[in-house]
Amino acid sequence: SQKIEQNSEALNIQEGKTATLTCNYTNYSPAYLQWYRQDPGRGPVFLLLIRENEKEKRKERLKVTFDTTLKQSLFHITASQPADSATYLCALQYSSASKIIFGSGTRLSIRP
Amino acid sequence: GAVVSQHPSWVICKSGTSVKIECRSLDFQATTMFWYRQFPKQSLMLMATSNEGSKATYEQGVEKDKFLINHASLTLSTLTVTSAHPEDSSFYICSARVRSTDTQYFGPGTRLTVL
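Protein chains in written order, with the numbering used here: chain R, 1 to 112; chain A, 1001 to 1115.
Chain A on its own, in the form it takes in the complex:
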């Protein structure tokens, strides 16, 4: 099946720094990628939807200036958490939609810890 990778798998940073997370579709082209956030024992919450070559669409309550999303190619999307704070500590998961079938495949997630 289709594979989605994320890098890094975990990251620890100091408060106030910015962190970039990469999401790649390894063997397929993804016109649309999604970014989710999951707090402990909670559901995955969609943060934003990004289409290749255009601006991301953010869900209500998600600050677009804080969570910068770039979808520069059909196989790569990045999420940058700017000026991270401890409350941004969470598990960030991306998914990529296969153009031909609309099936979504999920990445393994990135654990962000902000000290």
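Next up, chain R with everything else stripped away, as it sits in the complex:
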């Protein structure tokens, strides 16, 4: 079965630096790879989606890359702020109508 590894359970970085989170998966590549933000006690909030044929996607301070050869996605937050502190979830979807499979998340802390 598909495994998703977000290989840092927690990441602690200085405000203003770029945070880089990693998502690796096994088996075959999904059609869509998504990133979500989840705050404690809340449901996940959609951030970005990148398709299998896309290499990179940007949205404001966020950037996602997708390397199907490495079976890896990187999620970057530039000019990080304490308000960016949250858990970030990587998720795979094999078609637009299929279920979303979530990784266990990386807890990001941005210290002032």
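The hints are simulated quantities; they were obtained by calculation from the structure and are not laboratory data.
Hints should not be assumed to be uniformly reliable.
What the hints assert, rightly or not - Heads up, simulated EDC-like pairs for lysine to aspartate or glutamate below, C-alpha to C-alpha not over 16 Å straight-line:
(1) R:K99 / A:E1059
(2) A:K1041 / R:E15
(3) A:K1041 / R:E5
Please arrange chain A on chain R, whose structure you already have, making use of the hints.
Chain A in isolation, oriented as in the chain R frame:
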């Protein structure tokens, strides 16, 4: 953007009782709703997929007689945890898929604590 609500946001119940959680899409019609469960420091695990007007499809290992799902309308799905036990204590999250775009929106979650 589309909004999904859940009610209640938290509930505490005694072991053996049943608890109903509602999931509503507030400004869109959702032909498909999903129910997830999340234990502390773990990922969201899909429990079941429900389509309006038909029986839910449960993931492997999820007891359909224990977790009753009803999707009676295009804006409402309910999850009933029957005869709840302490091990059912978890964070339950629903999501709803927009018919036209296949985008899923997630609810804020319901914290269930069974004493």
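Outcome of the hint check:
With a C-alpha separation of about 11 Å, the suggested pairing of K99 of chain R with E1059 of chain A holds against the 16 Å cut-off. Our distance criterion of 16 Å between C-alpha atoms is broken by K1041 of chain A and E15 of chain R, whose separation comes to about 24 Å. For a cut-off of 16 Å, the pair hint linking K1041 of chain A to E5 of chain R stands: about 14 Å separates their Cα positions.
Checked against the numbered hints listed earlier, the structure breaks hint 2 alone; every other hint is satisfied.
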